[in-house]
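A.B. asks: Residues per chain, in single letters:
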Amino acid sequence: QLQQSGPGLVKPSQTLSLTCAISGDSVSSNSAAWNWIRQSPSRGLEWLGRTYYRSKWYYDYAVSVKSRITINPDTSKNQFSLQLHSVTPEDTAVYYCARYLYGYRFWGQGTLVTVSS
Amino acid sequence: DIVMTQSPLSLPVTPGEPASISCRSSQSLLHSNGNNYLDWYLQKPGQSPQVLINVSSTRASGVPDRISGSGSGTYFTLKISRVEPEDVGVYYCMQALETPLTFGQGTKLEIK
Numbered sequence: 001q002l003q004q005s006g007p008g009l010v011k012p013s014q015t016l017s018l019t020c021a022i023s024g025d026s027v028s029s030n031s032a033a034w035n036w037i038r039q040s041p042s043r044g045l046e047w048l049g050r051t052y053y054r055s056k057w058y059y060d061y062a063v064s065v066k067s068r069i070t071i072n073p074d075t076s077k078n079q080f081s082l083q084l085h086s087v088t089p090e091d092t093a094v095y096y097c098a099r100y101l102y103g104y105r106f107w108g109q110g111t112l113v114t115v116s117s
Numbered sequence: 118d119i120v121m122t123q124s125p126l127s128l129p130v131t132p133g134e135p136a137s138i139s140c141r142s143s144q145s146l147l148h149s150n151g152n153n154y155l156d157w158y159l160q161k162p163g164q165s166p167q168v169l170i171n172v173s174s175t176r177a178s179g180v181p182d183r184i185s186g187s188g189s190g191t192y193f194t195l196k197i198s199r200v201e202p203e204d205v206g207v208y209y210c211m212q213a214l215e216t217p218l219t220f221g222q223g224t225k226l227e228i229k
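These protein sequence lines map, in sequence, to chains A and B.
Okay, so the first sequence: first residue is 1 according to this note's numbering, each after it adds one.
Okay, so the second sequence: first residue is 118 according to this note's numbering, each after it adds one.
For the record, the hints were derived by calculation from the structure and aren't laboratory data.
Glycine residues also receive a C-beta, built at the ideal position from the N, C-alpha and C atoms.
Take the hints with a grain of salt, since some may be wrong.
[To be verified] If we take Cβ atoms under 7 Å as the criterion, some of the chain A residues that face chain B in the derived model are:
id	residue
1	Leu-45
2	Ala-62
3	Tyr-96
4	Arg-105
5	Gly-110
[As the list claims (entries may be wrong)] Simulated restraints on C-beta separations:
id	chain 1	residue 1	chain 2	residue 2	range
6	B	Ser-137	A	Gln-14	44 to 50 Å
7	B	His-148	A	Gln-14	25 to 31 Å
8	B	Glu-134	A	Leu-9	41 to 47 Å
9	A	Pro-41	B	Ser-137	40 to 46 Å
10	A	Ser-5	B	Arg-199	38 to 44 Å
11	B	Tyr-192	A	Lys-11	44 to 50 Å
Using the sequences and the hints, build the whole thing.
C.D. replies: This is the structure we're talking about:
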């Protein structure tokens, strides 16, 4: 299971930070990948990036956010996080964490993040 | 990026009748290992998406056998043999061949 946490309101130009706590699996799994996806009426479902461990940590990011995004695993807490810097109102969306292994079989509950002053 | 195009975008169906959704990709999703990296998801109202099918035709656990996926290369289909009220929601195809992973626009299935 995946449990998301983080604020639902972020001011423009600030950093959006969300955390996804994992239970029943390990962020260091050698088979799963840990993803962040967002959904908005204007963009639909948009994959933002992922991290995964295969003897070392790998990171992939969408080009559209690559200059602003950081996804970090935290093995001590068995969780992973999303940071999106310099947000604008266009970053307003429902953000999901999700585990990919034979499809996205586990999703977080979703967090509506509104970017507004 | 691989562009995913679904049709139709709206699908009204009478309960008990079949339904079919098409998904086309701008590039082949066939990997050298023989798998087509195409997934299908259903997002029910107010919920996170849930996986139905992965690698084009493998049903996820708990998915009824009246739901099936097929296709290869750039053309894929999701079929529901007999629509039930619980099937209402938005269906998405998604390519998992390469990053960025990309989704179709969604097909809204509603009951007539």
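A.B. asks: Now look at each hint and say whether the structure bears it out.
C.D. replies: So, going through the hints one by one against the coordinates:
no.: 1; hint: Leu-45; result: 4 Å, holds
no.: 2; hint: Ala-62; result: 5 Å, holds
no.: 3; hint: Tyr-96; result: 6 Å, holds
no.: 4; hint: Arg-105; result: 5 Å, holds
no.: 5; hint: Gly-110; result: 6 Å, holds
no.: 6; hint: B:Ser-137 with A:Gln-14: 44 to 50 Å; result: 45 Å, holds
no.: 7; hint: B:His-148 with A:Gln-14: 25 to 31 Å; result: 40 Å, violated
no.: 8; hint: B:Glu-134 with A:Leu-9: 41 to 47 Å; result: 44 Å, holds
no.: 9; hint: A:Pro-41 with B:Ser-137: 40 to 46 Å; result: 26 Å, violated
no.: 10; hint: A:Ser-5 with B:Arg-199: 38 to 44 Å; result: 40 Å, holds
no.: 11; hint: B:Tyr-192 with A:Lys-11: 44 to 50 Å; result: 45 Å, holds
Going through the hint list in order, the structure does not satisfy hints 7, 9.
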